[in-house]
Each structure stands twice: as structure tokens, then as C-alpha cells.
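Asker: Chains as they are written, first to last, in my numbering: chain A, 3 to 610; chain B, 10 to 710.
None of these hints come from the bench; they were simulated from the model.
Careful, some of the hints might be misleading.
[Stated by the list, open to error] Simulated crosslink set (DSSO-like; lysine-lysine; CA at most 27 Å straight-line):
1) B:202 / A:511
2) B:274 / A:511
3) B:574 / A:165
4) A:360 / B:173
5) A:360 / B:151
6) B:202 / B:151
7) A:571 / B:173
All of these numbers come straight from a predicted model, not from anything done at the bench.
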Amino acid sequence: MLIRNVDPITFEVLSHRLHQITREMGITLERTGGTVTTTQQHDYNASLYRPDGEIMAAGETYGHHVVCAGQAVKRILERFGKEEIYPDDIFLLNDPYLAAIHNPDVYIICPIHHENVLVGWSATFVHVSDIGAMTPGGDSPEATEIFQEGIRIPGIKLVERGKLRRDVFDTITHMTRQPEAVGLDLKCEIAANNVAKARLQAMYEQYGPELMNAISSEMIQYTETILRNRIREIPDGVWSERLTIEADGPCKLTLTLRKEGEQLVFDFTGTDKQVRKGINLPFHGTCGFCFGAVLYSLAYDLPKNHGVLRPMEVIAPKGTIVHVQYPGPISMSTTSSGFGVGFLASSVLMQMLATSEKWRHEIVAPQASHRNCRHSGVNQYGRYCPFINMAHGALDGNGARVDRDGVDSGGSYMSVPNVEWMELHYPLLYLFRRHATDSAGAGKFRGGAGVESAHMLHDAPEGKIRGVAYGVAGLRNSGHGMFGGNPGAPSVMVLLQNTNANSLVGANKSPVDLSEIGGEPNFLPYCNFELKQNDVLYMRVASGGGYGDPLERDPERVRGDVLTGLVSKAAAREIYGVVLNGEGCQVDLAATQAQRKKIREEELRGPQ
Amino acid sequence: MEYVVGVDIGGTFTDCVILDSEGTVTLGKALSTPEDFSIGAVDAVRDAARYMGLAGEGELLASTKFFFHACTVADNTLITRAGPSTGLITTKGFGDTLLHMRGRTTEGLTETEAFHAAGQSKPDPIVRRPFIEEVSERIDYKGSVLIRLDPAEAEQAIRNLLAKEVQSIGVCLLWALSNDAHEQTIAKIVKEKYPSVYLTLSSEVAPFVGEYERTATTAFNAYIAPKIAAYLQQLGAVLKEKGLKREPLVMQSYGGVLRIEDTCKNAVGTIESGPVSGVIGSRFIGERIGLSNILATDMGGTTFKVSVIRNGLVEKDYKPVILRYQIYLTKIWVESIGAGGGSIAWIDPETGLLKVGPLGAGAYPGPVCYGHGGSEITVSDADLLLGYLNENYFLGGKMPLYKEKALRVLEERIARPMGMSAVEAASGIYRIINSHMSDLIRRATVERGYDPREFTLFAFGGAAPAHAARYAAELGIRQVIVPLTASVHGATGLVSSDVVYAYGKSEHLFVPADPRRINSHFSALVRKAVDHLRAAGFKEEEMSVVRSVDMRYRNQVHELNVPLKAGIGEVSEEEMDEVYATFDELYEQTYGPGAGYREAGKEIMAFRVLGTGLLERPNLRRYPLEKRDPASALKGERWVYFQEGGDFAPTQIYDFDRLTAGSDICGPAVIETPITTIVVNPKDRAFVDEFLNVRLYLNGA
């Protein structure tokens, strides 16, 4: 029996209840937040911690922030000491050198007392609209050190003994470009923490501190024990993966996973030195992304808590991209090296799972994805605003599985706003948003198709807005194939200058064809740019990698993909070796066999 | 004698409630007939007529003043994907909107499903990609036409779909809510040249911002409409032939009824209208007995549902999740989980923990104790082994239960592997399922800023009365009511409903908004509602019109619906100021004190009007309260388990049919009715009120 000090039925009842609290925190953030990443993208944290900062219950949110917010609790404990932490205080911290990942991710941390004894913490983060960095919105490609990346708070009381400190609140919002929006962001975090406090206190009231304390430590023990059992069943081994991010030059990230007994060691030795561009990641962030990768593959069905971290060890040499030293810049870390680490960790774990008959059905072809841009400027109502172009930034296709295709535009854990929602608030017109043909990584099971979209200015009073390009820049920034599957099409962001888009509209034609839209293409690395009249920003997000040999794909499935427009007839023939005839695209079985044989022979001969 | 008839078609049974002019209630039941639901509907009416001693359903229908109806045709069509071949026309470049579903699609999944990376999927599309046509056209957020729709291109798109033998077409163009000219162009072509095709326009069924939800609503409507129309026309004809004089009125998901013609125009409005009728029934019973804060809970075989009535008003949802799609539909808010009498108890092989649900054993073979070959222990098996259910009086004795079989399987599959006694295992199952249900009620109340202790809980569905006192007590609720009509609850709601037209329209306005815009929206919507009410035969004094706005702080995504004061006159700036202040109050009430942030500014996102044609409320017969010794209703004694004593204790069993209004019973006790079993726990008291509802007062309340 895994549960020792609590009866198993009470355990089941109360662990479920704790999880409900984190769920309610998340809903509060989504409903009351003022930033699209919070309200529509699930980019937030909503978790409960034990008095010492160990994770008690992680919400249905990103794993990396769960770890970092726990780190934030520890920092607050160090800075203030228990004697200066009062019931109904609420703290704020966003210093990436202490606990956060980058400055715009503002942590709000709330001690929870029962009868004046500290019994736990709740913590949230949201990516606020602006943080006073050199670039609006926070991601600053031109920053060379942390001081250019916005305000940095090591821990401050935002609420003292239940009273909002207006001076502190106003000081913080005052240092940003959008005080009202940031105010709403901070308010939603306060609301979510208040919810957590009220609910956890009610549980302490109802069940008493002894049982409650026992439950949370039993839950951690429970998750740890099961996870260790699962790891032990998998053969020992060593797996590695690497990824290059194109900053000013190529930056190499490498990871080796050593699995020994019931321990997972993630070793980043060999990763390049930190650079003077904000793609560096703090060490706790690196740990957090590894935690997330383990959570979603081996522990998705367990109570999400500190037990997941216990069998894990992370080694990341100081002064590298994955363990930045002060005062290196970090503002673009989450979506570059952060997602890079997430990819590496997930890739080595998938390789590991492939060695286990029991676990190989949990494989999802990994993805090194995410490219997006954030605009800023005056909108059609004359208001200045920084905003993220989330209309397509998260419609990537997911990786293929052992026995199934990846989900088209599955968006990992994100969802995107409607085009109409974006156009209502910002001075943009979208030209298309559609699955990109032939983007999905081919395979016996193909990856999910990613989405391509394009937008231009519309009703922009200044005739231009700014943009900043971020994410994982590099040629392999998409889904990776496994066991013979092809990679997904790379994720790209292209600024088309001086296009025909407006003339096409004037001529009553829909600008949906890139060859008609024309213009001078500029592939955007990490950079600031301007979107002007007659410019079009084209984006294609990542697609899933394939699983297994495309020549083994059922020809009827290929036919289905051609009919839905996800695969072209040419790709069906060239990559899948499937020959389709006539209007109805009937599979020509004999021709298909011949074509597949031919492709095999060419593969064996190698390039001529 | 005149009658009011309510017929509610469910998945298994069709229920019927008849009220005569004196308020006497008669119930009828028949098996549902999915091949033609109207057969089951008539069967149920006939069943009731027989109880009433009438010659047949014809005699009853000929004297029927109102015939109310709720059906599952929409839900069935969607779940079994039984709709006709359906096509969709969208703006060029945006044909994949319905397939994208805005990316992440974990709505409607359990937490474990949502986090299972390798298990992700999207639901089968309602309209498959080859049946989606794109047309060149573009309108912007202001409603200005940027690219004109060429009628020839539109006609080609229609013809392409017809070539694929499409019977129903939905049209959803970007910003059609701001300017419907292009959708109307397509409508004109269809009406003139292809009049047999069912047509749905997004600007008519869901004139709200957000192309994914609007497209999904349009597609759902296009897919359902032909089936709904065919069914309702058939039903109308059959009933007319049998002597019904006025046409039937059909329940809508927002909790009012409409005529067949109006229902067919907006078929999507009938989704989940059955459960919704139950909520209306709760409100009705609440009105009769003077309760305005009610938690309506329904525990059947597979699902547990909760909805909230607060200050006499039902809670609504404007963007419900239906089969994992989000659609724009004004629907009474019902939250549900997989928990019921059929929920399966199991041991997690890896962790050794006892779990209950969410999977259920279904109606057949069902629980082990049914003796139909079920091999999984369910909640009903635990209820039987704990002594709550009577093996010889289940469904009034129509169905024997097999206690020994259940005990043997419980020991083998649960108790022994867990190292527990059989009674520990059974009471553990009982406790876990109750905590799942109280968690859902907590979600429905505490999470929305309501204190559950201010509510009375209603227990519907066959399994609820054996559990309700426990899941209510967990939340500090002090009174549980098992209504007399608990078994035909949806049908009860039907006979108490009004004719309601619900209309809405998006426009984005910053606060303070120009009163002219506000009044122009409201007057258009009010006119539409009043015209329809008048056409349905209502006089001014029989109408009630409620206006409201959806508001939020700037740049938020979720809105709160804020009602205006009663009336249909011009709205003044002062009145709107009050509405804005009400928003701040509602916001803090919902999200906690200090959550509001006026500095952010506010915006209005949509205008809504609810036009009600008030129908006469039926009477319910009152019985005189008599202080009589309930001992005359005692049918015996058996050993029943109660957690307070941690063991079985001899417990008195009462026959509900022999209890009279005013009967008072102290727990522990069990009251058996022909349709359900009410468990009265040791510190609780049961009282039969003047309408023959059983009220449980918990913990000495």
C-alpha cells in the first residue's frame, strides 16, 4: 500500500479537492485577466505549495512555471523570514536571477495561514502586458544585459495584512507602458490567490491541520513512489539530442539523459556559453522545462506535485545558455532556449520510452517549435498598446504517435483567439489562416498540420506599427520525425514589403495566394521590425513530425489527406509513393506499388 | 375538464405529466422510440390517459389546452452523427476555421485526458473539409465591405456542394454580424434557385463576434435542422390527427417554449433541452413552496447534473461546450460529471487506490446486482450492500436485485485486493462517489461566489435520494427536497414553462457608450421579440421583456451578463451608469472583493433581449397537513449501514405511498417509493409537505 498515514479513501477525496483549488485559481485568472496569453492561451501558473516551497498541487498549466514559482516561495522565505510574513500578506517577485524566467512573467505569492500558523502558499504568474523593458511587451532582441529588460523586483509586499499597498501597486504599473492593462493583470493574480487562500483555509478548518499536513506529504510521497516504479521498469540507458538556435550566430544546446535505476539525470554539459542576446535561461527555468517534459509523458495522470522532481537531477554548467550568470540578458528565454530545453528533454524521454514495450504507446514525436511576434503601436481607437499576435502563434500541428497521426493545429496546450477578436482590438486585417499544405511531417503516421497565416495593417492611424520577432529561430524549429518519419516544415516568419495586397483588395480579389501578394521577402530572425502600409507579415507555425516510414502509410489515408488539402498530389507521389488518379483521386494500387519500389531503390542507391 | 400535457423524450424513456384544471398530477411513461420518436410520445400520453380512466389518448388530447414538448432529436443527431449531408460556405482563406477549433480542444475533457499528450484528438468534424467551400469576399470589423461578393462565384460554391448531394448548407462569413449583406446574397440565390436546400446563416443563428464559435453554431444548426423539422412536423401532424387543437410548444435550451415554426428556424436551440426542462421544473416547485435559492441535482445511471437557481432566476451560459465544440447558444447552465448509480468502482492497478467512475456500466448489463451479467461493481451494488436499496422492492418490485452476487463480486474485485472488509469497501465507494458529487456542487456554487449553505438542494433521478443527504451535508446544506414528481422531472418543467424568445447581437462599444447605439440595438431586438410574441397570440399585458448587456473590463475575454431594469422604453445615460456600476458589483461578487479594476475601462460586447409570453401557471394540488403517526406506513425493518456508527444497525423502513402530508420521521430510516429510495441519516429528519414532497432536514436543522 502506497498510502501509509491516511486512509486511502480520505486520500482520494482530499487530493481531488486540492486539485480543484488549483483549477479554480486557473479559471479565475482566465476570467479576470487582461492579457490574451492569460485569457486565451493558458499561459499562467496556478499552484499550491507546502510551507517550505515544495510543490503541493500544480494546476493544469505550464510545468516550468510550477517549479519556478516554488523557487519564488523559497526566495520570499529567505528575504522576509517567517516573522515578517503575516496572514493575508501577498508578495510580488519577477527577478529571473532569483526565481522567475523573464521579467514580464510576474509571480504573485500568497502565504496561507491557519490559526496564525503558516500552512502553505499559493502562487500564480501571468505574462503582463508590459514590464518597462527597452522593447514594448518585454521580449527585447537588442538587449545585451538584464538592465535593459525592464523592472526587476526581488520580492515586495503588494498586499500587507489584507490591505492593498496602493503606493507599491501604482509604482509598479507606473513603470510600464500600459498601466491600466498591467493593473488588471496584477488584479487577476490577486483574485486567484485570494481564491486559493479561502479554499485551503476552509479545508484546514474542516479537516484539521494534522490530516491536511499529512495529506500533502503523502501526496508527494505517492507521486514520487509511482514515478520511481515507472522509471525502474524502463531499461537503463543513455540518450542524447541537440538543437541549434540561430541568435547572432548558431547557439548549440545539447542534452544527455542518463537513466539509471529509478533516477533520471538530465545533463546539459556541452551546451554553448551564454550570449549577449536574451535567449539565455536561468537554471531554475531549465529545471522547470525538464519537469514539464516528465510531467506530460510519465506523470500526466498522477497528482502533480514535488514528487515528480524527486527522481530527477539536472546538470547545467554555469555560464551556459541553460544556466545564465548575472547580468546576461534573458528576456526571450521562455520561447527560445526554454522551448528548446523542453524539446531536448522531451526528445530524450521519447527515445527512452521507445525502449519499453509498456511505455512506447506514450510517444509523441517531439517538437522544437514556437515562433511568434508581438506588435505595439496605436490602434484604430487611438490607444497605444503592445499586443501579442496570438491569432496564429499557437496553431501548430502536434507530433505523430505510434499508432495515430498527430493532431492538426492541435496547439499543444494553447488555444488562440479568433481573427475577429484580433481585428476588433488591433489595427490589422488577416488575409488567411489555414492549414499549410504539405507542412506535416510525413510518416507511416504523419504529424499534425501546422497553420499559416498572413496579416497587414488596417485602419492604423500612424500607418505603421512595431513588431518584435521571437521564439525558436533556426531551421529545425518544428516537429522532428521518429523512426523514419520526416520532420515538419520549419516555422517561419517572413515580412513581405511593398506587396500587392492592398491593390488586390482594391481589385476585389482575395489576397490568399503568396505569388500574387508578391513583395520583397525578409526572413525575420530575433529582431525588431516595422509593419508599414502594403507590408504583409506571413507566418507559418510548426507542424508535427512523422512517425515511421512514409512508404508504409496506408494509401487510403494519403488519399484522405489529399482530399482535405493537407497533402498535395505531388507529395503523395514523391514522398508517400502513392499514385492517385482522376477527379476522385482513386488510389492506383499497382502504380503505387511500383512507385514505392522505385523510391526504395533510389534510397538504397543514395544521392547520385 | 381541461388538461396541460408535458411530454419529455429521454434516451430510454418518454415521460408524460398531465395536470388537470384542479391541479391533480398524473404521470405516464413509455419506452422511447428512436426510429420515430412521435410513437413513444403518443404511447406515453396513452399510458397517462389510461391511469386517468379515459378512453384513450384522443379524448385527452381533444381537451388539452397546452401540449409542451422536449425532445432529444438534436442531441441524438449530433451524438450518433445521424444528420444529413451538410455543407458550409466561408470567407476565402478561412475555410479551416471549424477544423482548427482555435487550437487546444480540451474543453469537455477530464483533467487526465487533457494532460495526456499521446491521447490528444479533436472530435470528428460536423462538416468535413471537402464539404467546405470558400468564396472571395471580405467585410471588416466596422461592417465595411472591402471585397465584394460576386454572386456568380457564390452560386458556383452552392453548386459544388449540391454536386456532393448536400441537403443542408450553413454560411458563416467573417464579420457577417456587422454586415450581413453577403450572407443575404447567398440566401437569395438559395431561396430562388435551390429552395429545397435547408439554409442556415451565421448572422441569424449567432450574430456574435468570434468566427470559430459562430461557424460551429452555424454548422450545428445546419446539421440538426432538417431532422428537427421533419420530426416536429410529423409530431404536429400526428397529434392534430388525434384531436389536439393547438399546436405543440417545444422547449428551448434557454428554458422557454416556442412554436414548431420558430423552433425549426433555430434548431440548435433544442440542444439539451430535456435536462433544461428539469431546471424549469425545479424553479416551478420552488415557486410553489416558497424557495428561490435551489441547487437542482440529478443523479441517474451514468451522469450527475447540477444547476443553480438563485433569487428565482436560472443561471445561463452563453457559450456552452457541446460535444467538445464551443457554440453560441443561450442555454440554461447545467454542469455534469460521469457519476451515477452505474459508476464503476475499480482499483488502480499501479497505486492500489480505490476509484469510482467516471466510466459507468450502462443500462445493460448494468450493475452486478441487476443479474444481467454485469461483472463490475457499481455504486448501485454498494447501495444495495449497505442496506439502502431493497432487493425485493427496486422500481416498486418490478425488478429483483441479487445481493449475494453483488457481495461475492465486491469481495473478489475490491475488498480482498484492498485488504478491507466488504462493508468497508462498499462504504468507501459510497463516500467517494458522494465526494465527487459534492465537488461538482462546490464548483457550481463556491467557485461562482455563492455560498451553498444559502441553498436548498433538490434531488432528482433514481439514485439521488439515497445519496443527496450526504453530498449536501458535506457542503453545509441544511435542507434536501425529494419532489413528488422527481421521476418525471423534465416533464414537470414543461408544464410550467412560458413562451420565450431570446435574441442577441454583438457590438463592441467602449463605456460610456453612446445611448443612441444602445437604444438602436435594444429597440431592434425588442421589436423582434414583441412581434413574435404578438404573432404567438400574446397581448401586451401577458408579455415580459428583459434586456441585458454582456460587459467586461477592456481587453478581457470573458463577459458578465448585466441585466437592465424592467421595461422597454428608451434607456437613458443615467440608467446605463447604473448598469455599469452593477457590473463592478457583479464582478467583485463573482471573483472576490478587490478583484475589480475600474481604471482598466469597460466595454460592452453584446446586447440581449428575452421576451416572455406568460402562460398560466398550472395548479398543484395541496393536501391537508395531518399530524399522524408514521408508524402506519411502516413496512418493516432491516440492517442498514450508517457511517456515524461505523456499522449496520436495525433501521425502520417506510412505504411512501402510505405516508400522508404532515408525516414526520426521525432518522435513521429509509423511505421506499415505487421509483426511488430515500435515505434518512441518523441526525436527520424527514417531513412530507403539503404537496407530498419529502423534505429532509439535515443535522438537526
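Asker: If you draw a straight line from the CA of residue 274 (chain B) to the CA of residue 511 (chain A), is it 27 Å or shorter?
Answerer: violated (33 Å)
Asker: Quickly compare the C-alpha distance for residue 571 (chain A) and residue 173 (chain B) to 27 Å and report which way the hint goes.
Answerer: Within the cut-off at roughly 21 Å; holds.
Asker: Hey, residue 574 (chain B) versus residue 165 (chain A), does the alpha-carbon distance stay inside 27 Å?
Answerer: With a Cα-Cα distance of about 34 Å, the restraint between residue 574 (chain B) and residue 165 (chain A) is violated, given a limit of 27 Å.
Asker: Is the Cα-Cα distance between residue 202 (chain B) and residue 511 (chain A) 27 Å or less?
Answerer: Holds, at roughly 26 Å.
Asker: Starting from residue 360 (chain A), check that the Cα of residue 151 (chain B) is at most 27 Å away, please.
Answerer: Answer violated: residue 360 (chain A) to residue 151 (chain B) is near 56 Å, above 27 Å.
Asker: Please work out if residue 360 (chain A) and residue 173 (chain B) have their alpha carbons no farther apart than 27 Å.
Answerer: Violated: residue 360 (chain A) and residue 173 (chain B) sit about 45 Å apart, past 27 Å.
Asker: Residue 202 (chain B) and residue 151 (chain B): Cα distance at most 27 Å?
Answerer: violated (31 Å)
Against the hints set out earlier in the document, violations occur for numbers 2, 3, 4, 5, 6.
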